[in-house]
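Chains as they are written, first to last, in the UniProt record's numbering: chain F, 1 to 775; chain D, 1 to 595.
By construction, these hints were calculated from the structure, which means they are not laboratory data.
You can trust all of the hints, since none of them are fake.
Calculated lysine-lysine pairs in the PhoX-like style (CA-CA distance at most 20 Å, straight line):
| # | chain 1 | residue 1 | chain 2 | residue 2 |
| --- | --- | --- | --- | --- |
| 1 | D | Lys224 | F | Lys325 |
| 2 | F | Lys303 | F | Lys318 |
| 3 | F | Lys771 | F | Lys639 |
| 4 | D | Lys224 | F | Lys318 |
| 5 | D | Lys179 | D | Lys224 |
| 6 | D | Lys282 | D | Lys179 |
| 7 | D | Lys221 | F | Lys318 |
| 8 | F | Lys65 | F | Lys645 |
| 9 | F | Lys286 | F | Lys301 |
| 10 | D | Lys282 | F | Lys318 |
| 11 | F | Lys645 | F | Lys69 |
| 12 | F | Lys69 | F | Lys56 |
| 13 | F | Lys325 | D | Lys221 |
| 14 | F | Lys452 | F | Lys481 |
| 15 | F | Lys5 | F | Lys69 |
Using C-beta positions, here's what the derived DEER-type ranges look like:
| # | chain 1 | residue 1 | chain 2 | residue 2 | range |
| --- | --- | --- | --- | --- | --- |
| 16 | F | Val302 | D | Asp184 | 30 to 40 Å |
| 17 | D | Met478 | F | Arg752 | 13 to 23 Å |
| 18 | F | Lys329 | D | Ala593 | 24 to 34 Å |
| 19 | D | Met478 | F | Glu685 | 30 to 40 Å |
| 20 | F | Pro340 | D | Asn511 | 32 to 42 Å |
| 21 | F | Gly708 | D | Ala510 | 39 to 49 Å |
| 22 | F | Lys495 | D | Ala510 | 21 to 31 Å |
| 23 | F | Lys232 | D | Lys179 | 31 to 41 Å |
| 24 | D | Val480 | F | Leu294 | 54 to 64 Å |
| 25 | F | Asp730 | D | Asn511 | 44 to 54 Å |
| 26 | F | Val302 | D | Glu31 | 33 to 43 Å |
| 27 | F | Arg752 | D | Gln381 | 17 to 27 Å |
| 28 | F | Gly708 | D | Gln381 | 22 to 32 Å |
| 29 | D | Met478 | F | Asp730 | 21 to 31 Å |
C-beta: ideal position from N, C-alpha, C; glycine also.
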Amino acid sequence: MTDIKTVAVLGAGVMGAGIAAHAANAGARVLLLDIVPKGASSRNALAEGAVARMLKADPAPFMGKAAAKNITCGNLEDDLSALAEADWIIEAVIERPDIKRALYEKVEAVRKDGSVVSSNTSTLPLATLIEGLPERFARDFLIAHFFNPPRYMRLLELVTGPKTRSEAAASVEHFADHHLGKSVVHCKDTPSFIANRLGVFWSQSAVVEAFERGLDIEDVDAIIGRPMGVPKTGVFGLLDLVGLDLIPHVNASLADSLPKGDPFHTINRPVPLIGDLIADGYTGRKGKGGFYRLNRAGGSKVKEAIDLTSGLFRPARKADVPAVKESGKDLRALLSHDSPHGAYAWAVMGPTLAYAASLVGVVADDIVAIDEAMRLGYAWKQGPFELIDRIGADWLAERLAADGHPVPEILKTAAGRTFYRVDAGQLEYLGLDGAYHPVERPEGVLLLEDVKRAAKPVLRNGSAALWDIGDGVACFEFTSKMNSMDPDIMDLLGKAIRRVKRDFKALVIHNEGTNFSVGANLGLALFAANIAAWSEIESLVEQGQETYRALRTAPFPVVAAPSGMALGGGCEIVLHCDAVQAHAETYIGLVECGVGLVPAWGGCTEMLHRWSTLGRLPKGPMPAAATVFETISTATVAKSAAEAKERLFLRPHDGITMNRARLLADAKARALAMVEGYTPPGPREIVLPGPSGRTAMGMAVQGFRKTGKATPYDEIVAGALAAVLSGGDDADVLAPVGEDTLLELERTHFMRLVRTPGTLARVESMLMTGKPLRN
Amino acid sequence: MASYTAPLRDMRFVLYELMEGDRLTDLPGYEEFTRDLIDPILEEAGKIAAEVLHPLNRSGDEEGCTLENGVVRTPTGFPEAYALFREGGWTALSCDPDYGGQGAPHMVDTLISEMICSANLSFGMYPGLSHGAYAALRHHGTHELKDTFLPKLVDGTWSGTMCLTEPQCGTDLGLLRTKADPQDDGSYRLTGTKIFISAGEHDLTENIVHLVLARLPDAPKGIKGISLFVVPKYVPDDNGGVGARNGVQCASIEHKMGIKASSTCVLNFDDATGWLVGAPHKGMRAMFTMMNAARLAVGVQGLGLAEASYQGAVEYARERVQGRALTGAKAPDKAADPILVHPDVRRMLLTQRATVEGCRALAAWVARALDEQTRHPDPVQRQEAEDFVALMTPIVKALLTDMGFETTNHGVQVFGGHGYIREHGMEQYVRDARIAQIYEGTNGIQALDLVGRKLPANAGRSLRFFFHPVSAYIEAKMEVDALAPFVMPLAKAFTRLQQATAQVARTGMANPDEAGAAASDYLRLFGLTALAYLWTRMAEVALPHVGTDDPDGFYAAKVATARFFMERMLPQSGALFSQVMAGGESMMAFDDAAF
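Build the full structure now, drawing on both the sequences and the hints.
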């Protein structure tokens, strides 16, 4: 197996550039090549332009500016010889076999032995791609199909040919898994592989049925979205995002390559409106809009939706689907609802699930691969077979039969059973052979969901749980809504610390929610503030301070393993851990100022401590305070774990795991490594600038206020923050400030702000609209 | 018969000393409403209430309304009294000057409404309903409709009604059936039956303007398919006068427990001509905009009757001699002591008094906010006032009408057997008070509105405008020794209310039945705490005057009543708190079949 260190990407289009950026994120040296454009000043213009664009793009393809430096730009005429250094050569050029093969021939001439070549094709069969190429190429060639955007979509479809060396595939798989953080799904060499084969069938059914039934697209998205566990963009919103212009190409390619009897042909019915829209420049969000558009005529922004019958835009409205409301979480009730909407839901999902069932053994070996591909490639909460388990395989089979629809074999195999089951704590899936097989995790993957299936929690309440994850390590999990921090979490955390001290060696704080924690439960806090329950609020602040301090000073190592957002109180708990093993996609920050508050669960104190001990700053008490002030007053959120290190939300010694599935195992290993000779950190004592520093920070904010960067209320909040970070009135260079004083300052200023109408208005806006109020 | 005198001294205390009534003139549009203008208005209102309306109260109750050939006759003296009332400009008092009104503040209007309700609630129903119709048209009517109807409603030559209820739909207006068919000329033809229509037909005015909820042919089902229409008894002619008789007939009048001089009609609409008010299908929204004011007005009915009953009871307790004081004769020269000496009679009288004066202050507080909501130049202040009014409306409606019923019952009890017979009019107050707990949204619905709508809205934002000022007040006055007998119990009740609020919000979120089960007790706890706050502030205002400039003992009595409230009424908050915290399990788990 080759250890991949150097990656070459051929083709600097959206996908090629995105893949290059992500390989750079993974720490590889990357060569990005494209053709020499006619008349350009630089022969590398395409690659250089792509990198420059990506540095400005949002969501950012790069995890940090440093990553961009790993990319060397070049062109396919002058720099082919450089491919000799590449361990993995990724082709991402136009979907034309002749062009691809011509390029492969050039690559084959220069690449080194043992290097791997892959194509990012989404439609072409592997067999076609290696036609006429030498044996050495065929042995080192495979398809590695990324999803857009490559940094964020976790699915990588891998297709190998009969001649592909197993070490070649293993090298790519290992790199993709460990370094790119992808879940690799092995696919058979069939058209469009798994996710797009099924995903396009699903979206095409949804569009055609909606069009032919003359439904409103808002209603369609409400039916096809949330109730099915599909992102709320549904289908029309999704196609706007992907680009309408791709639809005819993708459909044509599938129609060409799929066998005659494939059900896709029956739903590949023309939708003339889509052609008209594309011709008018309505190619989706990248164009003038798509099925939805923002009409800016008349100075105001009005969201409009297309009427599928008239083909005209009209103001968008809120979806109103009684079938969805009445069926609640009961998917079967929705699919059998006696209404045009219920009939539509069935017309799309019945055939889609049947299609999925018919593809087992055709596109992949088992249902697990298909479910995984749809979850990670299309962001479905549940894969098709999990959905079938929800409605019942028997029910689906009966309904299909009643419609005169052929019933796929595997549905018959599943008769009276479910596709997944838990046996003795082990998740199992139903194979084509009619027997259950364990769902295997790759080596080194430890999932809390598996732990939870097999055991009872050590401790639990309504908002959190403590689990035994083996080898003397416990895992503390948040289970509250959105993993927001509330009194119950604090309460259980206090108990967990005592329990771990007695029965375990180390503690990991981790959960498998979309977000680690979005911070304190603001709804609870605002309600308490509205009824003037000040002492309750103050004791909540104190409880948090004490619990977090107990976590930091506990006589065992504590490792946080965050993924997704770790904001406010969710950031502060991370700051109090001995070490952090963060998922690369961790978005961490102290955002309290955005809602008119200051961090008061020790967040100010810990950040001051970090910057004064670890920050490479000029001497004196001011630079650390000023840096922390800038970070917190602007509610800065690091956009990746790498960026979090720059902000010292993570310390230099904290670890980053690229693959989310490996996060818990990595965190556990880190915690165990710290057990031997562990001593908890001592009390914080920090040299701070005192009143003069407070004045200086205040003046900085006044400056922002004058230039319009800060609002009047920003100034008040920043003033309170400055009062905390400067260490209070008694602080000066000769009198370091202890953590008790700092925590009291945090508390005092938090309580002062929480009583102010400006703060309450901010919190309310955040809760009601999800948007910060700039008052 | 018990007499009535308008409690002008206490009203001025509430208006000027407690609620900064002198600063009403700060609000745009109220510049002229100085003491010099307000005081004579209050005095005049007191006169007409005591001298014109109150003498007709008992006779009106005895005689009731009669229906003959579709025509309702009000009791003897009512048409003449109405003419005087109208000519005195009282129908126009709080109306828009653009339509001939006098533009008086809600605070002033609330005090005058109280007097009218004390003197003769049945009479007050007629102009009261007109005002509801006026408000609906003014907010939602077209220019043409406003020009046609408003001046007549304001000067009182025409009266109004609100036609909501139908035989099959009371609280749940989603079941409403009356239909409205659009006509080519832009008008509508309405057909259906409305019941319980107060002032639906009578002989006081030359025309009656019905505001009717009905469904358009294309209306969605349920509450979202209701539109509002104006349907006059006589279609106005081209000169704005009374024209052709419209297709609306009074089929019968109800025979009721109380407010017998108020005609409560079954109205049949048969292809009656009407016009749309507001947008199609938005009838409920139109109703909501005036609901707060209407519900506050019903609360004031409870207050008015409680005041009248208290006056009657005090007079009787001074005159009636029976038995001797427990500690020895107080009036040895008489055959017996006046019953005023007996502790239990004093308990009842002080309960009445503390209730009436506290509720008057509460009504004024909310009316002041209503003035700010409509008139304040700062939109933030307007919004805050609106939130406060929205929060307090169900409390004022339910608390004041419940207390109105309880207080009038105390009045009967003080009279003993003489309270139970009709002669003294004390039992009439009870009967009249009873309806106010029911109409304009039953008090159970008010409690649900409070816990189900007002509490959770915007994570409890409207609560802020009650809890913050009260909390700040308690913090500020905690150390004032003289106020300790008031602030301490207030603080205790306030903490209970905070805890109960958090509990209702928390359990109600998980299980709406829990909020529903707590609702009525919670509303009462809220109301008592609000009264405790106002009693503390009244004591604070009165204390400096006691023994210095208090020739008639008004301030001393105020402080003493405040003490009574704190010691003998507010402790109920403890029981209410326990009831709320106990949850609804004992009710909801009860087997339906066992009832």
